[in-house]
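Engineer: The lines below spell out each chain.
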Amino acid sequence: METLKRTPLYEEHKRLNGRIVPFAGFEMPVQFSSIIDEHITVRTKVGIFDVSHMGEIWIRGKEALNLVQKVSSNNAEKLSIGQIHYAGLLTEKGTFVDDMLVHKIEDNVFLLVVNASNVEKDFAFIKENSKGFDVLVENKSDETAQIAIQGPSAVHLVLKIVKGADLSAVKYYWFTYGDVLGEKCIVARTGYTGEDGFEIYISPANAPKLWRELLEKGEEYGIKPIGLGARDTLRLEACMALYGNDIDDTTTVLEADLSWILKFDKPCNFNGKSVLLKQKEEGIKRKLVAFELLEQGIPRHLMECYSEEGKIGFVTSGTMAPYLKKPIGMAYLDINYAETGKNFFVDIRGKKIKAQVVNKPFYKRQKK
Amino acid sequence: MKFTKTHEWIEVVGKIGTIGITDFAQKELGDIVFVETPKEGDEIKAGTQMGTVESVKAVSELNAPASGKVVEVNKELETAPQLLNEDPFGKGWIIKIELSNPSELDSLMDEKSYKDYISEQGH
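Protein chains in written order, with numbering that gives the first Met the number 0: chain A, 0 to 367; chain B, 0 to 122.
In case anyone wonders, no lab produced these hints; they're calculated from the structure. All clues stand as given, with none of them false.
With a cut-off of at most 30 Å between alpha-carbon atoms, the simulated DSBU-like pairs for lysine-lysine come out as follows:
#, chain 1, residue 1, chain 2, residue 2
1, B, LYS95, A, LYS325
2, B, LYS74, A, LYS324
3, A, LYS353, B, LYS38
4, A, LYS13, B, LYS114
5, B, LYS44, A, LYS350
6, B, LYS90, A, LYS325
7, B, LYS74, A, LYS350
8, B, LYS4, A, LYS350
9, A, LYS324, B, LYS38
10, A, LYS359, A, LYS324
11, B, LYS26, A, LYS44
12, A, LYS324, B, LYS95
13, A, LYS350, B, LYS95
14, A, LYS324, B, LYS26
15, A, LYS353, B, LYS74
16, A, LYS265, A, LYS279
17, A, LYS324, B, LYS90
With the hints as constraints, model all of the structure from the sequences given.
Structural biologist: Shown next, in the form of structure tokens:
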């Protein structure tokens, strides 16, 4: 049996009565108060997440950019120092080894933040792809803790804790360095909730102290610790893909409807380019769509989708959306049905429940 | 009040049994957002699935603690499924049935046995 890892915040979760479940090889809190309560807290106030299980892979060296360009769907040449973008880590087939956030630390240094479940696979994949490149690839996942602070009050809270950085000037998908409890940390304005917020990368030794400090200083904003359950419903309302559900190594970037992170025009070849170009010319046969149910029920992962004629796809993610208060989901549908406004059926335990394709995302925050 | 191993309760007054899920069950499930019940007039059979309870995270089967004909369904659950979380033994009742075989109740657990049963499950 595989031994489960614990993040540096495990004892904090126990102390806060978090319900601990196995997830991606870690013992993680799935909920503290309740999924709905935590979800609404992040939409209206501020919540903190232990995301120390996420993977951090560093690429350094003269050819760091070239290696990133080879394995990434996005164009890292466009990144300025201090900037971040979302990207696919691509196979030769144009499918996903993983999805990731690419941080440009310096001209020759990139930090890739990847999914916990994929760290070993991604690291081996990038190492393999790095043959012949003048680079050093390092997996720093075990030496890095990460706490996400998300919600409309996140910026106020983080300003109280991070010293020596003008965080209000940091734009969405940029990062800066700040003094966090005496440690110089990367403080990135990113997240997986659809809200404004930050992700702080910190040493495991200082992580519990930061966690407690956030809860204490966040009290005036109504802060709560948030588990993986609400993390999933928050990201789904915001239509952010979950690896293993909505994207994997059988789905291409085009099918996943993520062409905004696919840069054919970058000045070099990249994994999957020829396959993806061909797929673009011929047209995709299925597409990841967002949908709502028009009748009662809740769509769930892997339920089948039907037209009057027959099977047209399957649900990748689904839930009762806690903030929007309606049953929502994402599904790969036959391209003939993958159009906003089209109706289809989800087979929920043998009953065909009416559904409709809607625009993405379900939820978008009001920007100030 | 009697209990099943699958965490339903039944309270019988005369020939009518009121059915719901236990406090332990609602805590395990978390936020309940949808309850699918049999309809009035349906016949349900002890130990078989009679509906589903869905929380944000998961789907759970609802099993009949006893056999009988459904005489009333808690209509409030259509708009307020959270009653199962808030008051599982009261306002969160699910259906009422007219028992067809009251002797089935003998095989269910009483409160003390049920308490022992859930503590044995490691909670």
